[in-house]
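As they're listed, the protein sequences go chains C and F. Numbering-wise, numbering that gives the first Met the number 0 puts 207 at position 208 of the first sequence, and it's gapless, one number per residue. Numbering-wise, numbering that gives the first Met the number 0 puts 0 at position 1 of the second sequence, and it's gapless, one number per residue.
Worth flagging that the hints you see were computed from the coordinates, not collected in a lab. Don't take every hint at face value.
[Stated by the list, open to error] Computed Cβ-Cβ distance ranges for the label pairs, DEER-style:
| no. | chain 1 | residue 1 | chain 2 | residue 2 | range |
| --- | --- | --- | --- | --- | --- |
| 1 | C | Asp104 | F | Ser48 | 50 to 60 angstroms |
| 2 | F | Ile16 | C | Ile143 | 17 to 27 angstroms |
| 3 | C | Val250 | F | Ile16 | 32 to 42 angstroms |
| 4 | F | Asp41 | C | Met140 | 49 to 59 angstroms |
| 5 | F | Asp29 | C | Ser201 | 41 to 51 angstroms |
| 6 | F | Ala44 | C | Gly19 | 18 to 28 angstroms |
[To be verified] Under 10 angstroms between C-beta atoms, here's a sample of chain F residues computed to sit facing chain C:
| no. | residue |
| --- | --- |
| 7 | Glu6 |
| 8 | Leu7 |
| 9 | Leu14 |
| 10 | Glu17 |
| 11 | Ala19 |
| 12 | Ile23 |
| 13 | Gln26 |
| 14 | Leu28 |
| 15 | Asp29 |
| 16 | Asp41 |
| 17 | Arg52 |
[Said to hold, decoys possible] A short list of chain C residues far from chain F (calculated; beta carbon distances all over 12 angstroms):
| no. | residue |
| --- | --- |
| 18 | Val82 |
| 19 | Asn94 |
| 20 | Ala101 |
| 21 | Asn169 |
| 22 | Tyr262 |
| 23 | Ser271 |
| 24 | Pro342 |
| 25 | Gln351 |
| 26 | Tyr429 |
| 27 | Asn436 |
We put the beta carbon where it would ideally sit given N, CA and C, even for glycine.
So you can see what is in the structure, the chains are spelled out below.
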Amino acid sequence: MKCYRCGAELTEREYCPNCGAGVKVYKRIMSLSNRYYNEGLERAEIRDLSGAIESLHQSLKLNKSNIQARNLLGLVYYECGEVVAALSEWVISKNLKPEDNAADDYMDLVRNDPSRLETFNQTIKKYNIALNHCHQDRLDMAVIQLKKVLSMNPGFIRAHLLLALLYLNNGNYAKAKTEAQKSLKLDTGNVMAKRYLKEAESMMLPSDAKSSEEKENTNNDVVRYQSGNETIIQPVRTNVFTRSGSIWGIVLGVVLGVAAAYYLILPARIQSMNASFREQISAISEESDSKSAKIGEYEQQIASLNTELEGLREEVGSYKETENTGSAQGDLMAAVSTYLNNPEDMDTIETQMNGIDFNNMDGGASKQFDDLYNAFMVLVGEELSKRSYNTGYEAYRSGDYETAISSFSKAFQYDSTNVDALYNLGNAYYESGDTDNAKVVYDQVVNDFSDTKSAGSAETKLAEINNASD
Amino acid sequence: MINFENELKKFRPSLEIEDAEEIIYNQDLDDMADVLVGLLKDAKAEENSHQTRIR
């Protein structure tokens with residue numbers, strides 16, 4: 000304890016050891032302050048918050064620097080839902096004793112949860128709005144607002160009390176009693192809550208007081224009205240049917256609804272759906288028929304087109320054959336023309352004559368063509384045969400039997416007396432593995448040129464082939 | 000029987016956070032010790048004036 004005049008630490012004596020001021024009364028005041036603080040603490044411990052607030056206020060009136068009393072007062076305010084009052088006490092406490100003060104921890108708790116602080120502030124604002132509604136006689140609005148407040152902060156005692164008062168005013172005593180009881184649960188020494196509870200209980204029927212569950216039902220079954228100074232409470236005549244009339248009505252409504260749906264709505268709906276499905280099916284079948292007809296038509300068109308295509312192919316084939324014949328005639332005419340212009344130009348004549356192939360001519364060559372060809376061969380056949388023979392021989396020696404066969408055939412075609420060309424044609428067939436054609440050619444050599452050396456060689460070859468086949 | 004109007008007058012608006020600063024500044028913090036010191040000062044001043052009048 001410090002001296003009120005100089006701030007020096009006091010001893011057990013009744014004067015200040017520093018300035019000599021008398022401190023007997025001062026010490027008594029400090030003692031009283033502490034006594035009130037203890038009383039406030041005891042009351043707070045049994046949740047007599049109103050009593051605790053009163054005692055702590057007394058303590059602080061005696062000694063404003065009683066930090067513990069001030070901090071406890073803040074806590075009690077906080078518990079009542081009066082957050083701003085709580086913060087005020089803690090701020091003053093912190094101002095009076097900056098170091099080692101529990102108010103720091105309390106304020107940190109509030110500061111570290113800003114959403115909770117915002118919720119508290121919202122509840123306070125809504126409470127004030129509700130109070131304003133009350134003053135302006137908008138009591139229903141006030142009740143709604145207070146319910147919101149209590150849903151956000153169920154520990155807000157003043158909101159419980161105001162709601163209890165509103166319920167008392169509109170005759171809803173059971174709810175008023177509930178609110179008063181909630182207030183008393185939060186603050187056991189709240190005089191206002193006790194008064195409201197007493198008022199609510201006095202206005203309720205004896206049966207109401209017995210059971211809180213049955214309160215609302217009973218309250219609905221009586222008629223209250225004021226007659227002079229007396230309150231008349233008259234029970235309403237009820238029976239089983241009127242009591243549970245609403246339930247019966249709901250059950251009957253459901254049954255009728257189901258029956259109407261089953262007998263009236265469902266058949267019509269099913270019929271309309273069936274009609275709709277039938278229409279859809281007929282539309283789909285019509286579409287299907289038309290598509291089938293189109294498919295048949297297309298198939299006929301394809302068949303006729305195929306037939307037409309075959310005819311065209313045959314026509315094209317005949318054109319090709321005619322072209323070959325025409326081409327052979329053209330080549331022969333060109334070769335004759337070249338010869339007439341320059342008989343020495345055998346290279347050009349050979350090239351032009353290479354295009355003539357008797358095997359590709361449709362229906363064989365015409366008589367005029369044969370005559371011209373034979374007459375021309377008398378003039379150039381021997382020379383062309385030599386050239387083709389030489390070409391075939393080179394190919395034969397190099398193993399190119401296909402070219403050799405072609406060239407030896409040409410050589411024998413140009414000059415039918417060229418037995419060497421025919422014999423080597425057989426050899427080329429033989430070497431290429433085509434023994435059938437080789438035998439035909441060798442037979443031709445033996446039969447047509449029997450008195451030549453090649454005929455003997457051909458016979459030997461034929462014997463080899465026959466021996467190999469045996 | 001509770002009178003609604005009279006009861007309603009007992010309810011005061013709750014303090015909002017925006018008003019906290021003003022509430023703290025305007026709070027009367029004088030305690031009994033301050034009153035006592037004031038009394039002593041007054042008594043001393045009265046004694047001084049009385050002695051001055053005697054002289």
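Each hint, compared with the structure:
1. C:Asp104 / F:Ser48: 50 to 60 angstroms: Distance hint for Asp104 (chain C), Ser48 (chain F) holds at roughly 51 angstroms.
2. F:Ile16 / C:Ile143: 17 to 27 angstroms: About 24 angstroms separates the Cβ atoms of Ile16 (chain F) and Ile143 (chain C), which means 17 to 27 angstroms holds.
3. C:Val250 / F:Ile16: 32 to 42 angstroms: Given range 32 to 42 angstroms: violated, Cβ gap about 53 angstroms.
4. F:Asp41 / C:Met140: 49 to 59 angstroms: holds (54 angstroms)
5. F:Asp29 / C:Ser201: 41 to 51 angstroms: Hint holds: Cβ distance 43 angstroms, inside 41 to 51 angstroms.
6. F:Ala44 / C:Gly19: 18 to 28 angstroms: holds (19 angstroms)
7. Glu6: For Glu6 (chain F), the interface hint holds, since the closest Cβ of chain C sits about 5 angstroms away, which is under 10 angstroms.
8. Leu7: Hint holds; Leu7 (chain F) Cβ to chain C Cβ min 6 angstroms, cut 10 angstroms.
9. Leu14: holds (4 angstroms)
10. Glu17: Glu17 (chain F) check passes; min Cβ-Cβ to chain C is 8 angstroms, inside 10 angstroms.
11. Ala19: holds (5 angstroms)
12. Ile23: Given a least distance of 5 angstroms, the restraint on Ile23 (chain F) holds.
13. Gln26: Holds: closest Cβ of chain C sits about 7 angstroms from Gln26 (chain F), inside 10 angstroms.
14. Leu28: holds (5 angstroms)
15. Asp29: Interface hint status for Asp29 (chain F): holds (7 angstroms vs cutoff 10 angstroms).
16. Asp41: The hint is violated - Asp41 (chain F) has no Cβ within 10 angstroms of chain C, the shortest such distance being about 15 angstroms.
17. Arg52: Violated: closest Cβ of chain C sits about 26 angstroms from Arg52 (chain F), beyond 10 angstroms.
18. Val82: violated (7 angstroms)
19. Asn94: violated (8 angstroms)
20. Ala101: Answer for Ala101 (chain C): holds, closest chain F Cβ roughly 18 angstroms.
21. Asn169: Incorrect as stated: the minimum Cβ-Cβ distance to chain F is 10 angstroms, not above 12 angstroms.
22. Tyr262: holds (57 angstroms)
23. Ser271: holds (63 angstroms)
24. Pro342: With a cut-off of 12 angstroms, Pro342 (chain C) remains clear of chain F, as the shortest Cβ separation is near 131 angstroms.
25. Gln351: Non-interface label stands for Gln351 (chain C): nearest chain F Cβ at 119 angstroms, farther than 12 angstroms.
26. Tyr429: At about 123 angstroms from chain F, Tyr429 (chain C) clears the 12 angstroms cut-off, so the statement holds.
27. Asn436: Per Cβ check, Asn436 (chain C) is outside 12 angstroms of chain F; nearest 121 angstroms; holds.
Violated hints for the displayed structure, listed by number in ascending order: 3, 16, 17, 18, 19 and 21.
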